[in-house]
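Sequences are here, hints too, so could you generate the full structure?
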Amino acid sequence: MEFIRNHGRKGIAARRLVSVAAVAATVALLATGCASGSSSTSTGTDGAAAGDLSITFIPKQLNNPYTDVVLGGGKKGATEAGFGATQVVGPLEASASSQVSFINAETQAGTKVIVIAANDPDAVGPALTEARAGGAKIVAFDSDTNPKYRDVFISQVVAKDVALIQTKLISDQIGGSGEIAILSATANATNQNGWIKFMEEELASNPAYKDIKLVAKVYGDDDDTKSFQEAQGLLQAHPNLKGIISPTTVGIAATARYLSTSEYKGKVALTGLGLPNEMRPFVKDGTVTAFALWDPAQLGYVAAFAGKALVDGTITGKEGDKFTAGALGEKTVGADGLVVVGPPTTFTKDNIDEYDF
Amino acid sequence: MSNHTKQSPAPAGPDRITALDTRLISTDKTLASVPKGRTGAARVLLGRDAIMIYALIVFVLYASIAIPRFATPVTVGFLLLDVIPVLLIAMPMTLVIITGEIDLSVASIAGLTSALMGVLWAAGLPIEVVLVVCVVAGVAAGAFNGFLIAVVGLPSLAVTIGTLALYRGLALVVIGDNAIANFPPELTAFFTSKLGGTGIPTMMIPVAVVALFFGVLLHLTPFGRGLYALGFSTEAATFVGIRVARAKFWLYVGTGTVSALAGIFWTLRYSSARSDNATGLELTVIAAVLLGGVSIFGGKGSIPGVIAGVLLIGTINFSLRLERISDVVLIIVTGTLLIASVVTPNVYAAIKAWRQSRRLHNTLPQVPASGATNATASGVPERK
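Sequence lines, in order, name chains W and Y. Residue numbering for the first sequence follows UniProt numbering, beginning at 1 and increasing consecutively. Residue numbering for the second sequence follows UniProt numbering, beginning at 1 and increasing consecutively.
Derived from the structure by calculation, the hints contain no laboratory data. In this text, all values refer to a predicted model and were calculated from it rather than measured experimentally. Misleading hints may appear alongside valid ones.
Here are the simulated DMTMM-like pairs of lysine to aspartate or glutamate, each with C-alpha atoms no more than 25 Å apart in a straight line [said to hold, decoys possible]:
| # | chain 1 | residue 1 | chain 2 | residue 2 |
| --- | --- | --- | --- | --- |
| 1 | Y | K194 | W | E130 |
| 2 | W | K148 | Y | E186 |
| 3 | W | K284 | W | E330 |
| 4 | W | K148 | Y | D49 |
| 5 | W | K242 | W | D221 |
| 6 | W | K217 | Y | D177 |
| 7 | W | K349 | W | D285 |
Quick look at the structure:
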């Protein structure tokens, strides 16, 4: 009896131990699985990185189509500029503080150049300061940080250029006279309102546009359905409308979809800022003749070269510094460390197939 | 069976029956006298908390060996700064979940605090006043939850889903789309400062105080022990004299207050007051608490286990980021761990039950067989 009893108790303890070991092993296995997963994807670059130049891109969030194009350009630029290791890390949600732990990890990794599109200009500040103290150069792109936390900011375009190319395109398409309207995003979108202000000033001041009359500004809230309905409403309310400018990718695509199925197809001109992949069918079927947008890939491309120039000491972020950005030629650092990539690209049926974003 | 029946001769019948009877009786006694559960050192060393702590140690050892750059004081600093908000809120949350309730509004309270802090600071109030007002706001937010749940008697899930949205909405009303960042640099630097060369953030001292407070409250006071009873059965707890409504009310004041502290920490650590600060933090906290061995049905769990759970999730997150593994993998790992931690005890219980029944068979190898034999042996002749 005693024997059985002791045996039973020992058995329980032993089984407990086994289960502890099993849990520990599971955790270890899980972790190993992850670690080995990583090494398969990044060993190549990591291996080369030892003592080599490393650059890491931290976008606002991962898995965003626009960001993917920017990062594609960034990786290309990094390779051409001579970085040994290129990494892309980032949060899944574009919240203010989500980028900080990624910056910290890069600081610890001793990354030489951190290229960041900040979700919040200040929340990333302390982490970036720490990274700089560790010797990293900070390049902001797409969305700036507070200037005191970075070396340079790579900006896509100058706001005025964006406005001017759209007024020029619409003027060309309607023959320089007639009623036009603007279909914007939300009524309080800073960038949209900035562009619209420049457009209004240009239409009022430039004699070439004296016969063009802006009759309406409507807001589709960057919502596909609402933009579609607003476009419909515009054409009903203004029978003499000759052209629409939609400086938002959602608005122009929705308006193009409405026009292409309506009696106004080819009669009412449409231009604005659009994504080539979304606009391709409408350019091919004649609804839209030309529209504009910057090439997001160039943004990443120039950012990589700016990072290289900072590491090399070619530039320090001072106004007037110059560096060569590969195929895009020489770029100059402006006031507050601002570097402008270039004028927007105009897309027509002749060149639209060259772009994939 | 039939062979066996034929082979076993009838004369052996009576003898075997008596032998079997005594064996049956004696075995029953033996099984009953095996203590249920563990006692002594085994209880501490093999408990659920201990398993979490082992898992944490194993993972930290693994990471130190396998991940370059992990074993440095810098890691300690960054990692702890990352987990502080979760660790803070997990403490009162543990108590709330042990009573069988939930508080989903914690992250929104932190966000509301952050928004308030920004607006009050921008309005030119001295920072001490701002901090006090923020904590008071947290207390009020928690008390409102507590009032609806404990006094009015509404289900905590419904109430805190409501206040989750309500407090976040208030945060938006307070600060709108703005972000306020110009907090005193000495203060923000203090919030990210480390204790000497150890890499341990200075902020861990108040966090340790909070953890100690809730640890002592839960494990070493009658109030805390009453919470377990409350988690098992509200009626029973009422009968043994626990003031259920009062206990619940103060627990929600507790989560509100600590969430406000977490909101203050968040704001000064990231030096940015925004309405969307700490969004989604409630789920991270609850996941860590459950991983730490607290039962979502209440009545089970401990502070040491939860601390180990929070640190385990934090360390895994940090290691994966250090290895530059995508956050996609990270959330999958966290989710899998959580499911595993909830499922494992059930699987273990099932295995234990199966073993228990097998042990019955093993200690009495002949019982079912001979019992059957016996029945037929004695039954068949009787019929004849």
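Against the earlier hints, flag every one the structure doesn't satisfy and list their numbers going up.
Those not satisfied are hints 3 and 4.
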